[in-house]
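**Student:** As you go down the protein sequences, you meet chains A and G in turn. For what it's worth, the working numbering labels the leading residue of the first sequence as 1, then goes sequentially. For what it's worth, the working numbering labels the leading residue of the second sequence as 304, then goes sequentially.
One thing to keep in mind: the hints can contain errors.
A short, non-exhaustive set of chain G residues, derived as facing chain A with CB atoms under 7 Å [what the hints assert, rightly or not]:
1. W306
2. V407
3. D640
Worth flagging that the hints you see were computed from the coordinates, not collected in a lab. Cβ atoms here follow ideal geometry from the backbone N, Cα and C, with glycine treated the same way.
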Amino acid sequence: MTAIIEARGLSKRYGARPALTDCTLHIPPGHVVGLVGPNGAGKSTLLKLACGLLAPTSGSITVLGGRPGADPAQIAKVAFVAQDAPVYSGLSVADHLRLGAHLNPRWDRAFAEARVRSLGLDPKQKAGKLSGGQRAQLALTLAAGKRPDLLLLDEPVASLDPLARRDFLRHLMETVAEEGTSVVLSSHLISDLERVCDYLIVLAASRVRLVGEVEELTAAHHRIIASRRGADTLPSGLEVVAAEHSERQSTFVVRGVPEAADDWAVEPVGMEDLVLTYMEAGSAAGAGAGAGAGAETGLEATR
Amino acid sequence: MIWLTWRQLRPMLIAAGTVLCAAAVYFIATGVHIRHTYSADLNNCHANCQQVLNDFAASYQNLRALIQLIVQATPALIGIFWGAPLIAVEFERGTHRMVWNQSVTPVRWLAVKLASGALASIVTVGLLSLLFTWWAGPQDKIDTDRFDWNVFGTRDITPIGYALFAFALGALLGLVIHRGVLPAMAATVVVFVGVQVLVATQVRPNLMPAHTATVSVDAQLLSHPVNTTITGSPSGPKVSFKVSPPAGSWKLSQTAVMDGSGAPLPAKAVQDCIEGPSIQSQTDLATCLAPYNPHVGVRYEPASDFWPLQWYETGIHVALAGVLAGLCFWRIRRHRD
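Can you make the complete structure from the sequences, with help from the hints?
**Tutor:** Okay, here's the thing in structure tokens:
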């Protein structure tokens, strides 16, 4: 089956600032993909590259086998809801549904109308008067109503309160479950996505740090708690992702399956822990690499 | 896409339509009345016809000046309120990210928006200009220089060209200036007014080959006191003669006063004549100067050039609008979020 997103050496720079660096991905279809990373890690950039709002600086990306934004047929297959869920504030909810019907060849009117009804939105209400949660729901309705094969959502719940977040994600899952639509949704908080996604991409400092199915990733990683020691004393075959030392104890997060021993304990790592570990390691690496560039910029500014 | 564009422009179009309908009712009602007055005045006057007509024109002068100002401002307003926000509003609110993901390419989106806005601009300004030209017709016949700055650009077809140009200019600036709607609006006004001034002063006089005529400074010319100006200066009095090209034509420039040989008339000759004891009237001055055969050359566009100039100027603006629209397409293909 065609990968939903296939990227090779994909990079995007804004002037001298890298937004996404050397990203290589192959995401199989049928997943709900969580795209996680701190602010400014390149999540929006990756999503915009995937829907054609941005063109890569170098490398290539294909989405569902086609070049993003290449033609109306490609745009019809991919739906994108940008950050803050932009809608036309002067147009009513019903107007937005008509807009969707006029512009999308695969528009599912019955679905969109039923969804608006079940959300309790007043069709005559102007979109500018909706609450943040309702606006996000309207934008999602518009995106899902075009019956895409892939739904891209950029920080869909960032501006919502906890209840609205739960509602939004529940509705999202109901919506995509029926049609088997693939979804990529980004957030800077893994806790937002933990319950809905089964595939994970961790971005930090413009690079992909971790990618894979959630179950495989959590099965592949472990935490080792041992008496204080260096990482080089661990058995070979274990890739150390992070190490932390206190006065008497060392904690390692490793990729691989360590054998339990007398002087150490092995624990599973939860998804949130895992993501945080990779984000931290990635940001530290990015900061190290970026320090030189930062000094240069400072020099330029004083010149 | 057409439905969406119509839906987005609807409030503006309704406003413009309402204003236009009100204007049409007003123009037709008062215009018919004005025409009645005009024919009645013409039928009832005897020896004093010129005076009666001047009085008639004067009674509507302020009203006409006011409406003329509105007609003059309309293309700029279209550029500011239709052109500049057309794309800038979408960028400012991020809605282009939504609409460009509704199975419509940015190029098609832009094409429909530009075409709809251009059509609305043509209809609005075309009707307004047509109505106003008809309404002001009787007065214009009496007292108006058709080539006057304010008149040439507010009658017949030139406003249509201006409106299209202003609309395309606003759209392009809204697309290029990524700082929101207001800066795009401001830039539109500045550039539009600049181009208007440039066209009126530098382009229009050079569109058609100018005609030249030689006007003798004789008793007939000098019998109109307004034509002669005598000013004092340290080197003695200076005299200048204002000459007119054929009626209804557009005077571009005139030369200094020349003598029979084609050289400038010596200042001394004029001075001697003015200060001479026998000069009692303008006629005496003319007689005194006659041996020099004084004359003035004048460059002008004849009245028959009015329509060619209207077409040229409209055509130039339409072509410019086309170029700007082309730039919009070129730019939007390269638009990166």
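**Student:** Are the hints correct? Go through all of them and say.
**Tutor:** Each hint, compared with the structure:
1. Here the hint on G/W306 is kept, as its CB sits about 5 Å from the closest CB of chain A, short of 7 Å.
2. At its closest, the beta carbon of G/V407 sits 5 Å from a beta carbon of chain A; the interface hint therefore holds under the 7 Å criterion.
3. A cut of 7 Å between beta carbons decides the hint on G/D640: the least distance to chain A is about 4 Å, and the hint holds.
No hint from the list above goes unmet by this structure.
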